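A.B. asks: Given chain A's structure and the hints, the job is docking chain B onto it.
Chains as they are written, first to last, in the numbering used here: chain A, 1 to 411; chain B, 412 to 556.
Some hints here could point you the wrong way.
[To be verified] Taking lysine-lysine and the DSBU-like style, the derived pairs with C-alpha atoms no more than 35 angstroms apart in a straight line are:
id	chain 1	residue 1	chain 2	residue 2
1	B	Lys436	A	Lys2
2	A	Lys2	A	Lys28
3	A	Lys373	A	Lys322
4	A	Lys28	B	Lys436
5	A	Lys281	A	Lys2
6	A	Lys318	A	Lys89
7	A	Lys373	A	Lys318
8	B	Lys428	A	Lys28
9	A	Lys89	A	Lys322
10	A	Lys373	A	Lys281
11	B	Lys428	A	Lys2
12	A	Lys281	A	Lys322
Just so you know, the hints here were simulated from the structure itself, not pulled from any lab data.
In this text, all values refer to a predicted model and were calculated from it rather than measured experimentally.
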Amino acid sequence: MKLDDEEEAMLAGEFGRVAQIALEHQIKVGDFFGAPDFVPVTQAHIMADTESLGEAGVLWLERLADDDGGRGRVRIPTITDPRGTDFAKAGMLRQAPWMLTLERRAIDALTRLGVSMTDTCINYQTIQAPTRGEHVAFGDTGVVIYSNSVCGARSNFEGGPSALSAGLTGRTPRYGFHLEAERQATIRVRADWTPETLNDWGALGGVIGRLGGNYWSVPVVEGLDGAPGSDAMKHFGAAMASFGSIALFHLVGITPEASRLADVGGNRLPVAQRITEADVKALQNAYAVADEIDVVVFSAPQLSLFELRRVAELCDGKTFVKPLLAMTSPQVKPDADRMGFTERIEAAGGQVMSGMCFYQSYAREMAEANGWKRLATNSAKLVNILGGYGYVPMLTTIEQCVRAAETGRLT
Amino acid sequence: MKAASGLQAAAPVREFKARHGIGAKVRGEALVAHDGFSARYDLDRIAGVFSRPTHQLAGQSYVGRILVLDTPKGGVATAWMLHEMASRGVVPLAIVFNTVNPILAQGAAFGNVSMLAGFDGDITALVPNGATVEIDPAHRVLRVV
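With the rest of the complex left out, here is chain A (with noise of 0.2 angstroms):
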């Protein structure tokens, strides 16, 4: 990679071992995707969780804290995405207190560095939204794709390493889509139907990122009717990016980038596929395979105060028989007390967490503490990850979930 002055200085040591060791991991990755330089970026979100980093991942973080007299910095705006556990509902969550001593080592390394421990995966919802052009090195799929595709900006998949690395250097090599030839569109797909809720959204993200298929694919979808909103959008790209690694998509008339079909190339492709309401009923079905229900999730992504206002009117009036837990940012959370929906939820049985999203808490070990298989929730991404975690997850409506923490079913 060709290095400008500033870099070269890096990379030879004068501006401490820290940022030394981070420009070298970046090089690496660079490297290996043929990418000429780096571009400066503007932000930093770092996917950080305990059970992810581990032992060896909590002692790197520390040893890095501690390197150059523990001076080392993030040069930008850096920002995290939940944590492996709410300290506060612990106890509940019945996780175990090495997972607490470990998120609270990696919490402390990093806020050393000098990262901003703000916890969420909706930081595009209330952190601050990148503009279109702007070039972030961005952590959690949900958040990249969101972020590249409804507010234009650019980034690539930053694991925790690497975003961390572009906090500590302020840049991030220039390749994928930091690329105006990578964004567009590479797959051309025509919606017959247009959701209406955040299950319906994310089926079709779903249906969509199993067509695409890799990360270097880009769909292009026309047919679809009006404004979606920010919480479809949300839950419609962290599916796509779940079920197929996508990181950029551009809906015709819609996402900035793709006024027309012809913005993005989609003109010159085949409709590889057309997709119907029964394509997404079909992916929804294949999860519907109980009745019975041990535990319902409102996560991944974190909930937005709307959403949070909806499941509170929902829990009005019901006494639940099984868990309910609704995850949000802690960003959300004061205002969901403030307004009253988290005591709502409460009253009724339900639990609202901050600062934690469920899948990146430990899963297999809370399920095994909690007695916890069948799982229902509103989210395609999360139904997608949890299988592998032992996990029957089933994909719902937020009415029909709700309705099955006061039943214990879902019909």
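C.D. replies: What follows is chain B alone, placed relative to chain A:
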């Protein structure tokens, strides 16, 4: 004739060129499937086996094997998880993909796991399951030996 002398001709080494490579040269047994890969979605990382019921390799151990798969799927966690798995010795020897995403490349760089990606053909159809293969990232070559 060689057959008359009791000697058998060595099977020819088949080589496949990759567009991307990282890590050290390694040799081992290939575990092959035309399926995706995510450390979070697909693995029981404690037991060292594929755990997603619908994965083609469900129930099989990945430890010390050279995984030959289609493409990464899922989230960003694998970038940390390969490093964590390597620290416990419950890690693949190398990973080979038809197409790779940044997360797996970043994870390979951080966790020192050898990786090749980007072939002219479908590498999951070209490498027999169980074959001994050599991964040579410096020369971006996979050899079936």
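A.B. asks: Next, verify each hint and record whether it holds.
C.D. replies: Hints and how they fare:
Pair hint lysine 436 of chain B plus lysine 2 of chain A holds up; C-alpha atoms about 26 angstroms apart against a cutoff of 35 angstroms. This hinted pair checks out: lysine 2 of chain A and lysine 28 of chain A have alpha carbons roughly 13 angstroms apart, not beyond 35 angstroms. The hinted pair formed by lysine 373 of chain A and lysine 322 of chain A meets the criterion: a straight-line CA distance of about 12 angstroms does not exceed 35 angstroms. The straight-line distance between the Cα atoms of lysine 28 of chain A and lysine 436 of chain B is roughly 16 angstroms, inside the 35 angstroms bound, and the hint therefore holds.
Restraint check: the Cα-Cα separation between lysine 281 of chain A and lysine 2 of chain A comes to about 49 angstroms, which exceeds 35 angstroms; the hinted pair is violated. Between lysine 318 of chain A and lysine 89 of chain A the alpha-carbon distance is near 22 angstroms, which keeps this suggested pair within the 35 angstroms criterion. A threshold of 35 angstroms between alpha carbons decides the hint, and for lysine 373 of chain A with lysine 318 of chain A the separation of about 23 angstroms falls inside it, so the pair holds. The suggested pairing of lysine 428 of chain B with lysine 28 of chain A holds, with an alpha-carbon distance near 20 angstroms, which does not exceed 35 angstroms.
This hinted pair checks out: lysine 89 of chain A and lysine 322 of chain A have alpha carbons roughly 17 angstroms apart, not beyond 35 angstroms. With a C-alpha separation of about 23 angstroms, the suggested pairing of lysine 373 of chain A with lysine 281 of chain A holds against the 35 angstroms cut-off. Of the supplied pair hints, the one linking lysine 428 of chain B and lysine 2 of chain A holds, its CA atoms being roughly 26 angstroms apart against a limit of 35 angstroms. About 26 angstroms separates the Cα atoms of lysine 281 of chain A and lysine 322 of chain A, which keeps this hinted pair within 35 angstroms; it holds.
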